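Chains A and B supply the protein sequences, listed in that same order. At position 48 of the first sequence the residue is numbered 48 (my numbering), and the sequence of numbers has no breaks. To convert, count from 1 in the second sequence and add 1000; that's my numbering.
Since the hints were derived computationally from the structure, they do not count as laboratory data. Note that this is a predicted model, so its numbers are computed, not measured. It is possible that some hints are incorrect.
Unchecked claim - Output of the computed footprint for chain A on chain B, the stretches with three or more beta carbons under 8 Å from beta carbons of chain A:
| # | region |
| --- | --- |
| 1 | 1090-1097 |
| 2 | 1219-1233 |
As the list claims (entries may be wrong) - Sample of chain B residues lacking proximity to chain A, with all beta carbon distances greater than 10 Å (derived):
| # | residue |
| --- | --- |
| 3 | Thr1026 |
| 4 | Ile1037 |
| 5 | Ala1254 |
The C-beta atom is built at its ideal place from N, Cα and C for all residues, glycine as well.
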Amino acid sequence: MAEPDKTAELRNPYLALLGGKLRSMASYRTSFAVELLTNAGGTVIDVATVFVLFQAAARIGEFTLAEALMMTGLTSAGFVLADMTVGNIDDLKRYVRTGTLDAVLVRPLGVLPQLVCMDLPVRKLLRLIVGIGVLVVAVGMNDIDWTPARVLLLVISPLTAAVFFGAIFVISASLAFWWVESGEVGSAFTYGGRDFASYPITVYGGWFRAVFAYTLGFAFVAYQPALAILDRPDPLGLPAWAGYMSPLVAPAAATVAWLVWRAGVRHYRSTGS
Amino acid sequence: MIEMQDLRKDFTVRVKAGRLRREKRTVSAVDGVSLAIEQGEMVGYIGPNGAGKSTTLKMLTGVLSPSSGDVRVCGLEPVRQRTRLALQIGVVFGQRSQLWWDLPLGESFRLLRHVYRVPRDDHERRLVRCRELLGLDEFLHTPVRQLSLGQRMRGELTAALLHGPRVLFLDEPTIGLDVVSKQAVRSFLAELGRGGDVTLVLTTHDLADIERLCRRLVVIDHGRVVHDGTIDELHARYGSRRRLVVDLDTPLPAGFTLPGATLTGTEADGHRVTFTLDGIAAGAAVAGLVGAAAVRDLSVVEPDIEDVVAKLYTAPR
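Isolated chain B, as found in the complex:
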């Protein structure tokens, strides 16, 4: 559905060099990205600010032309076949609205039907579904400029889907949303993905989006793909471990060791300790502890994807 072959995008920037002199410098925003995304996949695209996420998305949607390399979306060349591609893709660029600011939300949907030339019954069917799943009815008659960010984002999602796109591109769909709206957007996208007809590519800073939605995770940094795989693979590769957090009635005896685990934290005067499990099963670690210490409570903590990704970003290139 989407193919990128050694995709690059260079920008020329002028850098101050001295009082009046400006030096031209070439910066690679996207530096040789090759990816293939199949129909029905849900791919999360993450990376720090300026990593090249949005630039990639713009090349996939025909907004920017690549400096070199090949890109195909739905078998089309995005820039050269822009208008044909536009009928097959839906795009939600968080800051760039597709809605009519001064008109009621529903009016935008009606206008988009003519822009995308969608037959009435197809349009109705899709709109009814979005209205149900995204709860649009309470603000369908409100001018877009009066909508909250969360409501507007739900409107944008609907606007991007009314022409029945095969691929949906989302740039930061949950940025700035409150918890309830975030949940609404995520469940909606999850539901959309379940059908398996729509391919979904989203960029985000919120890794909960990825955990909830995307089996596949592409991490990009400095314009290059540094990870492409599942979240589990990411943990395995970067050695993230599960942790065992234990509350104790009395602190552990000095020199206590737990085979297969390392003591990595002590809090509350030794009444709470944290072990990082190095390959040992949580059950075995618990059994070893209970025999040796006065355990009051314990919990197993899954590795935190934020930590892994933070490690990735700061890793030397």
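Here chain A stands alone, though its shape is the one from the complex:
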């Protein structure tokens, strides 16, 4: 008879870490509620900005409010998904500075998943609802000619956007491996990237658009998929199938993020900052 597996009753170690965090948070209920509300407030303001912009001009970058809101919606849904899952990697600079990373390195678990599980951003839950809500509203406001491909694209785009933003989060956080006092520089790419992708990229000028939209790939977060869903030709000239490129762009970004992260951990281990 086979030896009974004594480790069968054990929980997944990462789930255990998340559980620990959840119980830790329960000891600060009030501050948790405050954070929850301020976080939701932040998201509402972000969305309001888009409306304010259209109050000033009926069309922006050749798009109507409803069309632009589609891009805002895809971006916000993707961003909150990434923020909820890997967003707290942002704290890496604090972990490096305080030496918590050393404690992480002596545990028998992966470094990146451990850091991701060290925080459970339930406080961002309302952001998730608002973020996805914007997308739902945007879908309702547009008159979309539904085809199976477009339905699929609508479902997949927030996910690829999430993978893309997740990659940006990891890369931005990795800065701390080389530069402990990186401060908010990383936010320029995470929150800055979200703001960039929230508007039709036609509103941006020459080199800035070239760098952010096509070189860094932010055009494929929301702009191109939104065009494909809305069946709109790209004023910037990319063909319709460009909207279906996100499932390729996102994994590429994730691969780059993984390489940067690995190089970062290696650098940390050789400098011990």
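Since the structure of chain A is already known, use the hints to place chain B on it.
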């Protein structure tokens, strides 16, 4: 169990050179350390601040990769095989807690069981032992953030041992603790060492830790091993001597000499004198004194390890 072969760790630091210019300079924190530590040994690792103690420990635990040289712990390469090694070692870095700050201490132990995948009965057995030896029961249900430093350190020790490590690394385990907690930690480690299964490496500034716990003492300075041996060997090598402190009813007559000993101190108007013994037995020195002077009281003082080590640190490289 632990092998280091010509282990080095260089750091590049930027030094100010002029108003804007920064010069790169390479500093060797660990400069060619070779050591072999056998299973069950208890090794004290001491040295002044910045001598390279913590850097060495970080290389042994897989936190830092060496600049050159070989290192093996439990037959594994620490950085490359980090997660496998983590299951075999326990680490207590004084400032870097393994505990959940906001949760009761006992909760941390429960979570660590899942992190290290320890079967329930093994976990229970080890926890019961730590609870008894370290007296954890009175604060097992207290959130870690409310524990005193001494209580927390006892918690950290337990956390590092629950997965049954073969090697325990301790970085300054008694720093900042009150006398009672220091004693508790030391007796616990002594008890742990008696079993002979756990290899123990600790860095400390408190030489009483070493005297109490470690037969073997490694002194490191400027990244190099300057002594590796027992405490007695250290005394022998650096010529530390026992001293005889004598209280007298009347001061010694002028020009008094004690063969085999040197007068090294006079206090209280000559009513207390100190002789340093150069090879002569304490008994012979006492006999020589009692015949010649009005001795009221005397004591033999063992050489002070602090003095020896202080001498070591300040010795030219």
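With a Cβ-Cβ cutoff of 8 Å, does the region 1219-1233 of chain B contain at least three residues near chain A? violated (count 0)
Mind checking, does the region 1090-1097 of chain B have 3 or more residues with a CB under 8 Å from chain A? holds (count 5)
Is the nearest Cβ of chain A still more than 10 Å from the Cβ of Ala1254 of chain B? holds (61 Å)
Taking the closest pair, is the beta carbon of Thr1026 of chain B still more than 10 Å from chain A? holds (12 Å)
Evaluate the condition: distance from the CB of Ile1037 of chain B to the nearest CB of chain A exceeds 10 Å. holds (18 Å)
The structure is inconsistent with hint 2 alone, although it conforms to all the rest.
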